[in-house]
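*Asks:* The listed protein sequences derive, respectively, from chains A and B.
First residue of the first sequence: 1, per UniProt numbering; consecutive thereafter.
First residue of the second sequence: 1, per UniProt numbering; consecutive thereafter.
Derived by calculation from the structure, the hints in this document are not laboratory data.
Glycine included, each C-beta is placed from N, C-alpha and C at the ideal position.
Please note that a few of the clues may not be correct.
The following residues of chain B were derived to be distant from chain A, with all beta-carbon distances above 12 Å [claimed, not checked]:
hint	residue
1	70
2	95
3	113
4	125
5	206
6	218
7	246
8	281
9	321
Okay, derived cross-link-like pairs now, DSSO-like style, lysine-lysine, Cα gap no bigger than 30 Å in a straight line [claimed, not checked]:
hint	chain 1	residue 1	chain 2	residue 2
10	B	72	A	156
11	A	156	B	60
12	B	246	A	373
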Amino acid sequence: MIEHQPLPYRPMSRHRRSEGKKGGTRRAENNKIYAHPLPLTFSQTYVTLGLSRHTVLNPCCEGYWDPLTRSVWVTNPKDSATLWQRGFFGKGNISRSEPSWLSRQVNIRKAELSGKVTSEEITAKRREQRKRFKMDRANAIVTAAAEAEEAFRIGKTVTNPIMIPSGATWKPADEAPEKGPSAIPQNHNKQDEGRDGELDDIVDVEHLQLTPQEAFFLIWCFDCLSVLNPQTAEGMPLQEIWLAFQTCYMDPGPSLQLRPDNPFIVNYVAYHHYRSLGWTVKSGVKFCVDYLLYKRGPVFDHAEFALVICPVYEDPADSDSSTLCFRSTQNISWSWLSTVNRVNSQVMKMLILCYVTIPSSVLVSPEMLGSPKCLAYYSVREVTVRRFIPARMRD
Amino acid sequence: MDDILELPNADVSRLQERGQGEGPDDDDSSADEEEGGLDWTKLPLGPSVSRPVIPKRGDKEYEPASGSNLQKYVLEKTRAAMFDALRTERTISNKTISYGIWYPSIARVHVTVARGGHFTSIGHFTSIGHSVPRPTPAPGGSQSGLSLEKVFKRLELLPEEALYLVERGAMFCWKEHDLFAENTQQGSSLEDMEGSPMSVQQAYAEMIGREDLTLERYQVYAYLKRLGLILSRITTLFTPAFNWWKPIRISPLLGINMNYASIFRALRFIPHGHGVPLKVKPPPPSVEESPYAHFFNVYKPNTPYKKTNPPVPDFAISVVSAGTTCMPSLAELTALFDALPEIPPPMPRVRQKPPANSGGGKPQGKIVGKNVQFKTPGAGGKVTTASAPSTSISWFSLWPFRKQTTQQPVIKTPERRPHPMAAIKQGKKIAIIAVVDAGSPSFFRFGQGDFSEWPMAG
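Next comes chain B alone, as it looks inside the complex (with noise of 0.2 Å):
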């Protein structure tokens, strides 16, 4: 397929057909309209496709209609549409292809020629010559095998980025001969490639099951890839006068707890919050052991990303396969989210500022980034406020007609606190885990809650 094709695009109007206009708040009732297929009739078949376009979906049919013959003949028709497309020969143009050897002794596909747009979010630079000794072509072809004094730096994939690459056939994988090692030359052309070309079927046995890679994160982690987004691995409450048989204490005549507000504050006496100390034993495991540690670092497709200085991720996630793992416990969630930084609350969306001679700039909605304020300049109608004692000053001014010609907006930001509700839902931190069931990954995302941050009184 061409690359040019499937460069990551955040246009989220290719997004249409899943629903357009749904707030956040529909990502789980929706959920299931993503998981539809294609219109295989519509996609253009051949190799002189330029940019297929996602077709719309058609009418969905519940149950097979017996001795219905038209819907027999829809339904072959689409299948045989499937089918064609899929068998189309898939085509890379040799000025786009990449090229890369794979050497099993340090589970790392060695990048010799890297042409397309993949590399700037894949693959990593090592310098060769310090302690892991790595075969090194010296400059001029000696015969001398390892040298490690020489420092040369050499792009290098970890077997998922290798895996994902050929899967989609941007990239043609070598896997290195012991016998030809010494021989090899740093930036050798096609011909002096000296190794066995692997297939995708002898890929994928070689490299599932290196480095920590399962069959289960991978299959997110190409998932996620194809999507666009960017993937990288990681890395006493009480005073002694509490009295237990009468923990509130309304008085009158003390003036305590007379109002519904501080009634409320003076229950809050159950131990609450993740900060509370854990004494469950045994004590939680230290999170890289277990089997919910973080393995992925996710960054959005549209996040400046430099390989050699990434910036904050916007997720991590974790990778699990429902059969063999159940739901975290508290100990594992607790260890997990130790692991994470804490996230601020969600601001409220910043409304755009109205134009600038509008007259009676009135607050729309109900979230508003910004209050404006403005006069209109000689109406004499809707003065505001803020404008009022200039013009009684002008009133009583010995120029009656001086119009009032600046128009100095009053701008009053109000302080944008964030909406209760929607700081609870999010959470201070946020853990992501995938759980590949046979193949497909569903995701779910656990927020450490904080209730008591914002309560509803008091």
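Excised from the complex, chain A in its bound form (with noise of 0.2 Å):
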């Protein structure tokens, strides 16, 4: 296990430059750590008088399909790092991105014995402060606010107006709760023996999930994750998994016929698209969208675009006989595009429609559904969505 702090996503804003060395440090080990995109690796061997062999490293990982979930576990630390390292794929189930559950438990209980604190009781520090700076900044204005209603009354206008805090100039008004952590270590000194061998009795219990468009991306191009039965243990061939993922989406039924639109072909057709274009793509539902595009991974910067996948059927008698009810294919109106848009630019982020194009039935029947040769008969086209505001384009 690599021993390096979790990342608990301390954003480094855009317009602030890197804290010097701590920043320059972080961001060469980062380098180092995510240096490669895919979980394949080359290497290069020599074999005799200078000629050097190329091969390629696969890392074949390992992963269980859950189709409650509609996801795969991928329950090794190994492989779990690995996939997450190289091209940031899936996300663990009890953290926020990276599997970092294990690591942030020993740091709670290593700051419990040593006295220092982790970064999430700094953090919750930080939050309590900037709370009490609020409330103190409301009471200044209130009381401000009272001086000149008194001051109108009268009929004279206030002369020392009482000043309210600004967020750089205000301290807290006691440091008692400050004493609090200090006061720790001392009551666990007494157990420091027992409390030893507690680090290694915990037991992993996070794992990694990836969604379906993930795994079949990283199955079918690179062969490097196999997937198991969950009930039989034993590995899926390709085309048995190509169809699992369909069928997880539809409603249980005695005809089980694919469809084109179905939405994990539709989901797949845009990941795969940005993925091959570089692109490391995320699930974007804290922004109201599906999916995030990141230019080097989450570690590295924010993302820089919001997808929002709309399907279109080339066939409008398709969208009739359709049970799923995607949002483009009925009128999409003003009010959502406005609070989308809204949302992502408050996060700095540009709002992408993505239209993929959904073949007829007609022409790709479910027997041609069966193999992911129908992928050819999709399209991807992008648009971009910005507010333009005439005033500022007057130069």
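Build the complex: two chains, separate frames, hints provided.
*Replies:* Encoded structure:
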């Protein structure tokens, strides 16, 4: 397990320079850890007489398919780390992104023993202080308003207006709560001997979860992941995986006929396209969109683009017979577009509408849907959305 | 209002209260600020105004404070100031007012007397005397009525242009009477104007609805004109050997795809881009019939606009009503983009050249247009690489006292490539749709994106 600080998203603001040496070393570390954009690596071995042979190394990860959660679970910690570090695939199920639950627990125990504070505690303290500052400021505003009101009633103007505290200059009123953490080690010193052993007893209960799109990308294109059937623990062949990923999105019933508008295929088309251009594609549910596009990865910078997938049926008969309810098959309202655009521009991301055309089911029969060959009949188009402000366009 | 006050002015300093130094990325987040109001107490009143300054906004109150007399007082004061400012009589000097006649049959206003700076960008000349019979005044005032042989040029306005001028008070408009049509003379003075004068309400009633001018389109037109912009109307992929069960082949033996860049390139087999034929049924409507058809060409205020030969427009705008029309579908967007020209990707800004004798031309900042390298005279310190050979030559030469007086700057211009993020964000074609929701327009810019042209890897 690589020993490094878990990354709790200390987001570096885009306009703030990195904090000197600390920022520089972290970036250099990240560049080393996340050097490979894909799970495969290349190595060069010298065979004889200066001739070198290139080989490609396949990490051969394993995961279990879980149809209930529609995800592939990777329980082996080494495989989890590999898949995350080489391409940012997947998400830890009890972490914010990278599976870091174990190292966080170890950190917490160590911090309790040695008296230091974990980064989560630092964040919590900072938030508490900010809350107190806001209360102080609100009180000052109320007092100032009352003063102005009183002065108006008398008929004079306020001579010495009370100062409203600003974030830069405010200091906390009392220092008592800060003595808290330092009091803890005295209690725990007695139990040190028993506690040391606890560090080894923590069982990692976390696993890495891959969406069907991520899993299929890894299996199909690089063959670096094998998916095991949860009941039989046997590897599933590629065709079975392709069909299983589609059927998990369909309502159970007697007539399980594959349709070209299956959400798995539609999402996979977009996912594959942007991955092929070198973007790191992650879930965008935090910002009301489908996907977020990162230039290198979440640890390096914030996402530049927020992607909304708008499926378009080539044959209107398909949309009538569809039991699914895609957003863009009905008429999209301007208020929805305004809302999503507003949310994303607040977080400095550009909204992209990704139109995926769905071929007609006459053209692509259920037999053709049994193989990835049907992907040639879909297409991807992007439209960028921005607000246009005429007053700023004058020059 | 005095026409001089509202000449289109690209002076950016007047936008100061809206925030200085904000980059284009802040467009969306600070969009609220420009919709605020003026501070009416600071607006000077009366006809003696020469040039009012747009005042700063005051503090914003967030909620009614019950029982606060101060707040009530301030509110009353500002409200009264607003009404007073609006109540002043607006005047226009009779030397700067124009006159026009509205002809309902052709839905145009013929400007008989054109004064003021508006007409550099408003109105068009039509020659009379060809196919469209227009009542032409024959010189000498003949009684014959329609004369189709003479060719006159006269200034005509579209309904929205005329309505804009009337609403501003820069033009008096008359409605022509059929009875007196034959008797009107070209260049007639005020007394000879035959027809009934039109009020603003009548102008609205007559002109909205003619010539495809809806109320929403007029509102967008007036809004942009007031901002100073100039507006005018318009106008297989895969090789047979592709294995769909194993799409990527990585073979160390054959040397295929042995680095990340080529792997990413090999992954790009999903059909993409706006060039892929769109097979959506029904076929995309022709752009003229769809409600998203372009309606206005927009030019920035600084462009040298010639009515007879207008330059390429900066933007093309369509106008829709929020309540009745939804967002355009892919077919409609495709039709819209097909009618637009492509826009080159944005080049990085060119930095100022450093002055001639500064020592050591190190490039400043990340985006530099020209990389200028200089040699310092006689300092002996910073000698750049380009001039190193000449110093060595002079060292060996028999002229030890020759000073290197020649300071030829070695200008290396690195090729200015557009930044990929900026290029993707701009897109290849830009369509602007104005959505009018009960009178207030919001503008959305739809760009035809091309991520495939700017890959992040490979």
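*Asks:* Hints first: check each against the structure and report whether it holds.
*Replies:* Verification of the hints:
1. 70: At roughly 4 Å from the nearest Cβ of chain A, residue 70 (chain B) sits no farther out than 12 Å, so the non-interface label is violated.
2. 95: 29 Å, holds
3. 113: Residue 113 (chain B) clear of chain A: closest Cβ-Cβ about 30 Å, beyond 12 Å.
4. 125: Nearest chain A Cβ is 27 Å from residue 125 (chain B), so the label holds.
5. 206: 28 Å, holds
6. 218: 16 Å, holds
7. 246: It is violated; residue 246 (chain B) is separated from chain A by about 8 Å at its closest Cβ, not greater than 12 Å.
8. 281: Given a closest Cβ separation of 6 Å, the condition is violated.
9. 321: 10 Å, violated
10. B:72 / A:156: Between residue 72 (chain B) and residue 156 (chain A) the Cα gap is close to 16 Å, so the pair holds against 30 Å.
11. A:156 / B:60: 22 Å, holds
12. B:246 / A:373: 10 Å, holds
In this structure, the hints that do not hold are numbers 1, 7, 8, 9, in rising order.
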